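All chains should be modelled from the sequences, with the hints used to inform the complete structure.
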Amino acid sequence: MATITAPPLSPTTPRPISSRKRHGLGRVSWVTYVVAFALVGVCIGPVLYIIIGGFRTNAEITTDPAGFPSTWQFVNYAEVLKGSIFWREVANSVICGVFTTLGVVVLGVAASFVLARYSFSGRAAMYALFASGLMFPMTVAITPLYILIRGLGLTDNLAGIILPQIAFALPTTIIILVPFLRAIPKELEEAAAIDGASRLGFFFRMVIPLSVPGVVTVGILAFIASWNSYMLPLFILNNEGSYTLPLGVQAFASQYSVDTARVLAFTSLSMIPALVFFSFFEHRIISGLSGAVKG
Amino acid sequence: MSEGKLVVTSSPEGPSAAGNRARKAPFPARRAGRSHWQQRLEIALLAGPAIVMFITFVMFPVVLAAYYGFFKWKGYGPPTDFVGLQNYVTIFQDSTFQDALRHNAVIVVLSLLLQGPAAVLLALLLNQKMRGRSLVRVLIFVPYVVSEVIVGTGWGLMLQTNGAINGLLTKVGLSGWTVDWLSDPKIAIWSLMLIITWKYIGFAVILFLAGLQSIPEELFEAAAIDGASYWQTQRRITVPLLGPTIRIWAFLSMIGALQLFDLVYIIWGQYVAATAGTSTMATYMVVNGRNAANYGFGNAVAVVLFLISLVLALTYQRFVLRRDTEGALTEGGK
Chain P
0 MATITAPPLS
10 PTTPRPISSR
20 KRHGLGRVSW
30 VTYVVAFALV
40 GVCIGPVLYI
50 IIGGFRTNAE
60 ITTDPAGFPS
70 TWQFVNYAEV
80 LKGSIFWREV
90 ANSVICGVFT
100 TLGVVVLGVA
110 ASFVLARYSF
120 SGRAAMYALF
130 ASGLMFPMTV
140 AITPLYILIR
150 GLGLTDNLAG
160 IILPQIAFAL
170 PTTIIILVPF
180 LRAIPKELEE
190 AAAIDGASRL
200 GFFFRMVIPL
210 SVPGVVTVGI
220 LAFIASWNSY
230 MLPLFILNNE
240 GSYTLPLGVQ
250 AFASQYSVDT
260 ARVLAFTSLS
270 MIPALVFFSF
280 FEHRIISGLS
290 GAVKG
Chain H
0 MSEGKLVVTS
10 SPEGPSAAGN
20 RARKAPFPAR
30 RAGRSHWQQR
40 LEIALLAGPA
50 IVMFITFVMF
60 PVVLAAYYGF
70 FKWKGYGPPT
80 DFVGLQNYVT
90 IFQDSTFQDA
100 LRHNAVIVVL
110 SLLLQGPAAV
120 LLALLLNQKM
130 RGRSLVRVLI
140 FVPYVVSEVI
150 VGTGWGLMLQ
160 TNGAINGLLT
170 KVGLSGWTVD
180 WLSDPKIAIW
190 SLMLIITWKY
200 IGFAVILFLA
210 GLQSIPEELF
220 EAAAIDGASY
230 WQTQRRITVP
240 LLGPTIRIWA
250 FLSMIGALQL
260 FDLVYIIWGQ
270 YVAATAGTST
280 MATYMVVNGR
290 NAANYGFGNA
300 VAVVLFLISL
310 VLALTYQRFV
320 LRRDTEGALT
330 EGGK
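Going line by line, the protein sequences match chains P and H.
The letter at position 205 of the first sequence is residue 204 when you use numbering that gives the first Met the number 0, and the numbering goes up by one with no holes.
The letter at position 186 of the second sequence is residue 185 when you use numbering that gives the first Met the number 0, and the numbering goes up by one with no holes.
This list has only true hints and no planted wrong ones.
Sample of chain P residues facing chain H (criterion: CB under 7 Å; computed from the structure):
#  : residue
1  : CYS42
2  : PRO45
3  : TYR48
4  : ALA65
5  : ALA109
6  : GLY132
7  : PRO136
8  : VAL139
9  : THR142
10 : LEU144
11 : LEU147
12 : MET230
13 : PHE277
14 : GLU281
Just a few of them, taken from the derived set where beta-carbon distance is under 10 Å, the chain P residues facing chain H:
#  : residue
15 : VAL30
16 : LEU106
17 : SER111
18 : TYR117
19 : GLY121
20 : MET125
21 : THR138
22 : ALA140
23 : PRO170
24 : THR172
25 : ARG198
26 : LEU246
27 : ALA252
28 : THR266
29 : SER267
30 : LEU274
Chain P is nowhere near these chain H residues, computed Cβ spacing over 10 Å in every case:
#  : residue
31 : ASP80
32 : VAL105
33 : LEU113
34 : PRO184
35 : GLY242
Hints in this document: simulated from the structure, not taken from any laboratory.
Keep in mind the model is a prediction, meaning the values are calculated, not measured.
Each residue gets a CB set at the ideal place from its N, CA and C atoms; glycine is no exception.
Here it is in structure tokens:
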């Protein structure tokens, strides 16, 4: 996986062997730029529609649904930010995201360490157990999971969201972290052993500091997944006071269905954190994801 | 131990004293002498919590579903009304479920056909050295990071009959193309595919770009020396060597398409999806299970969904992914 984070090998490095090669591989033709530009436009167009729509009035949106604001209205965003509903839902989402991330990181690093650096008979089976989780997203388990959570008395409780989310994030986490921890050189562990450190001591004093980059990747992935999670809160949280942002966006959209501009403002505010996190850690997330799938 | 020894792993300063010492000195037989029980204790301590969490919240529910699926149960008190396979008979005789299953099949196939070739072409294109490549890579990944609820809300508004898409078509003089994107049963599934493609193609492109970068450059040089054209090189070398990545992506895409819930439920809601022709097994499960408070039945649908996914996953791994263990290079030579 480390090879993926390395700078691209770029098989198309310009090397003018023949004129055909220069034409075909070396120079990037303007077609590439046109296609790339169009692709980017298609990808972020709808996101811009949501953000810009929040700066318009409902009358404008009705008469000209695909236009720019004639005058930029800040009132929609201001109304949302002034209301207590938005901030309560932000707080709930933050609590879920932070505790899910912490749980995933702590449990994931510990289990990955065992899988990466211990040799024992059940190791392959343990890895297969976690890897099998990749095949079954939450949809399959949601109905009985709801009954289980209700049995534990955790409905309308953020813990009822956090615990399953930790469990469901473990497969990706472990699949990303195991090769990462395995890449820590054997010599380091041997040196630590010579210096009298136990394997647990090695874990706490060397593995944890060295695995920070991998941990950041899985942590951000877990946070974004929690921030965007919809199905689990839909089942578990029925009381509006416990709503997280995705449920809040949906409730807001149906409550204010005639006030499109305000719905768009609410929607764009709720995607900011995931987008900010993503833009800061984009490189790690992308390499982590591709590493997980390839590994 | 001192902080300085940490340098051994990654620093370009070369091996430190600690590294040399470890290599020179024969590694002591300390590990062999270590008590077996201590290792077991460490394993239990470190991996135990994760295993317990995983089994409790991921595996156990599936077992629960298998049990509850044999009962007619409203979700309160212990299930007592054992009905055997009746729930399963009902599911497969229900034309609403058959519709949902068909929609799922269409979504699985169309996701592969629409996203796969397009993503390969885009990855080939973006793999060239161009200005702003990293910015492009970030921006095409944005739809993947935005939540399903936001995507659903935004696209739901844009695709209304008086929404932005029809507005845009009218503006550019294509008012003849304006249609009822969401409720016309002939069109709705294509609208759904449009949204799915938009949301998930960035993920495919990023994966394929990572796969492309692991292809050794020498192969391209050799092909160029042999006089291969650009497209010959891509078709004979790049795409075959990208095979393992494509097959893993296809697997993830199929599983995701089978489980599709959020987008459909948010855009079409529980009542409209079936008539608009976009309902999936998952929305069927939620509508007829939880929303109707028929938990026994809902669990039976969950079991059906699980078994279909499992059969597909195992078949795929048996017949498709197995090839990848033979190694990418030998395969490319075939």
